[in-house]
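Colleague: Protein sequence lines correspond, in order, to chains X and B. For reference, each letter of the first sequence is one residue, going 5 to 235 in my numbering. For reference, each letter of the second sequence is one residue, going 5 to 235 in my numbering.
To be clear, the hints were calculated from the coordinates, so they are not data collected in a lab. All figures in this text were calculated on a predicted structure; none of them were measured in a lab. Any given hint might turn out to be false.
Which copy is meant is left open, because identical chains are indistinguishable; a pair holds if it fits in one copy or across any two.
Claimed, not checked - EDC-like mimics (lysine to aspartate or glutamate), calculated; alpha carbons at most 16 Å apart, straight line:
1. K114 - E28
2. K114 - E70
3. K43 - E63
4. K43 - E55
5. K114 - D52
6. K43 - E66
7. K43 - E70
8. K114 - E181
9. K195 - E28
10. K195 - D220
11. K43 - E73
12. K114 - E66
13. K114 - E213
14. K43 - E118
15. K195 - E211
16. K195 - E73
Protein chains: 2
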Amino acid sequence: MEETEAPEPFARLSTWIPNEAPPEGQRAALLRLAAAMRKITEGLMDMDAPEADLIAAAEASERFAEHLEATRTGRRSWGFGETSPSGDTRALFDHSPLLGMANPVAPPLKLWVEGDAVAGTAVFGKQYEGPPGHVHGGLVAAAFDEALGMVQAMTGQPGMTGTLTVRYRRPTPLHIEVRFRARVERVDGRKIFASGTLHAGETLCAEAEGVFIMTDYGRFRVEPDRPAGKG
Amino acid sequence: MEETEAPEPFARLSTWIPNEAPPEGQRAALLRLAAAMRKITEGLMDMDAPEADLIAAAEASERFAEHLEATRTGRRSWGFGETSPSGDTRALFDHSPLLGMANPVAPPLKLWVEGDAVAGTAVFGKQYEGPPGHVHGGLVAAAFDEALGMVQAMTGQPGMTGTLTVRYRRPTPLHIEVRFRARVERVDGRKIFASGTLHAGETLCAEAEGVFIMTDYGRFRVEPDRPAGKG
Numbered sequence: 005m006e007e008t009e010a011p012e013p014f015a016r017l018s019t020w021i022p023n024e025a026p027p028e029g030q031r032a033a034l035l036r037l038a039a040a041m042r043k044i045t046e047g048l049m050d051m052d053a054p055e056a057d058l059i060a061a062a063e064a065s066e067r068f069a070e071h072l073e074a075t076r077t078g079r080r081s082w083g084f085g086e087t088s089p090s091g092d093t094r095a096l097f098d099h100s101p102l103l104g105m106a107n108p109v110a111p112p113l114k115l116w117v118e119g120d121a122v123a124g125t126a127v128f129g130k131q132y133e134g135p136p137g138h139v140h141g142g143l144v145a146a147a148f149d150e151a152l153g154m155v156q157a158m159t160g161q162p163g164m165t166g167t168l169t170v171r172y173r174r175p176t177p178l179h180i181e182v183r184f185r186a187r188v189e190r191v192d193g194r195k196i197f198a199s200g201t202l203h204a205g206e207t208l209c210a211e212a213e214g215v216f217i218m219t220d221y222g223r224f225r226v227e228p229d230r231p232a233g234k235g
Numbered sequence: 005m006e007e008t009e010a011p012e013p014f015a016r017l018s019t020w021i022p023n024e025a026p027p028e029g030q031r032a033a034l035l036r037l038a039a040a041m042r043k044i045t046e047g048l049m050d051m052d053a054p055e056a057d058l059i060a061a062a063e064a065s066e067r068f069a070e071h072l073e074a075t076r077t078g079r080r081s082w083g084f085g086e087t088s089p090s091g092d093t094r095a096l097f098d099h100s101p102l103l104g105m106a107n108p109v110a111p112p113l114k115l116w117v118e119g120d121a122v123a124g125t126a127v128f129g130k131q132y133e134g135p136p137g138h139v140h141g142g143l144v145a146a147a148f149d150e151a152l153g154m155v156q157a158m159t160g161q162p163g164m165t166g167t168l169t170v171r172y173r174r175p176t177p178l179h180i181e182v183r184f185r186a187r188v189e190r191v192d193g194r195k196i197f198a199s200g201t202l203h204a205g206e207t208l209c210a211e212a213e214g215v216f217i218m219t220d221y222g223r224f225r226v227e228p229d230r231p232a233g234k235g
């Protein structure tokens, strides 16, 4: 992607952008841990491990959670939780619940810019199942919100989702790579109209429309949203 | 909730309903592990643990994921991934990506029946963040899909989501209990129209409408959707 300066509307956002990326080694370890937790999560959807093994894993996990809590910094996360407000496709999205490589709840969805569109892929594991063998419709909607949110941010006037409409055409299969595509249809005053599709192979699984409203992100407070850790 | 017989349209669904609930001890351990993994996940959103600790946790997690994989049964999960197709509010939803107490990616959302409506609550942690301090809009949409899906199933003619529309009124805060409410507006042929609201305190954060299409769930295959484990 192009290394251009962020346009003027994002000036205030710079307060959210950390001056330094996380340490490479620590970040790499974090991403490895998140990937392993995704595997455990999918494994838990169908397993017959003995109770004692699950208890041992739970105890170890509880101890590690406490350890993490003690290292809490209270500063803003690296990067952004979602693409829409960043206005900068160079930003790290490690923590997004959809894109976040460092977030075990993220599939993760992968999105990138192709010309004036956003393209993306995801492989949804069994932890995202709704109808048997297929992706939960709610997760399809969530992924569309992210894809449309990214493409509307490319207008240089990023907004928050005003209305999201998803039309489900066919059930979306688990375990195979499915493809998202999103584009901006038009901009009308403070409203940005975006649309998107989701395909599995040649099958159109779902379509979406989003109306985004240009937002003054300065109204979001930038101080820590929870007390700092005890460590 | 009432212990009535499932109505006729659900007869075919009985093939998905296991004859026995999971062992109480194993299930309790599973839920405890899932809860601990949620804590780790939220902890990972803001931490400064040393690289070595993260690597050790990743290695332990990778080993445990392999162990789980070796115990894979290949049979259908207990319960359903989402409420819509179950047609039975007694079903276990341990594995739902929204409701699932056994699914670490689930917040979890809690839903219950109140008269002819569905009510629910959730506390979204930092792993669901979109705009700073607030819930990612995609997760709001996902939760609505689940709440509307449950209320439309109460008609006795459960359907799959045809169209979901979410209107975002105010950003939804993280870390506090937010409240969902859903009801059926009308049934028209094979279409069920449902609506819902999301409040934080007195603030209306979002509204949703869903059109559900009565579905022959028999078209979903009931055999395992992945090869059985090697264990």
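Colleague: Hint by hint, say whether it matches the structure.
Modeller: A quick look at each hint next to the structure:
1. K114 - E28: Classified as neither; 21 Å inside a copy, 38 Å across copies.
2. K114 - E70: Answer is neither: 31 Å inside a copy and 25 Å across each miss the 16 Å cutoff.
3. K43 - E63: Close across copies (12 Å), not inside one copy (19 Å); limit 16 Å.
4. K43 - E55: neither (19 Å within a copy, 20 Å between copies)
5. K114 - D52: Classified as neither; 32 Å inside a copy, 26 Å across copies.
6. K43 - E66: For K43 and E66, only the inter-copy Cα distance (8 Å) is at most 16 Å; the intra-copy one is 18 Å.
7. K43 - E70: Only across copies: K43 and E70 sit 9 Å apart there, 22 Å inside one copy, limit 16 Å.
8. K114 - E181: within (11 Å within a copy, 30 Å between copies)
9. K195 - E28: neither (39 Å within a copy, 52 Å between copies)
10. K195 - D220: Answer is within: at 13 Å inside a copy they meet the 16 Å cutoff, but 39 Å across does not.
11. K43 - E73: between (23 Å within a copy, 9 Å between copies)
12. K114 - E66: Neither: 30 Å inside a chain and 23 Å across chains, both beyond 16 Å.
13. K114 - E213: Cα proximity of K114 and E213: none, with 19 Å in one copy and 28 Å across.
14. K43 - E118: Answer is neither; intra-copy 30 Å and inter-copy 37 Å both fail.
15. K195 - E211: Classified as neither; 20 Å inside a copy, 19 Å across copies.
16. K195 - E73: neither (40 Å within a copy, 48 Å between copies)
Consistency note: the structure conflicts with the earlier hints numbered 1, 2, 4, 5, 9, 12, 13, 14, 15, 16.
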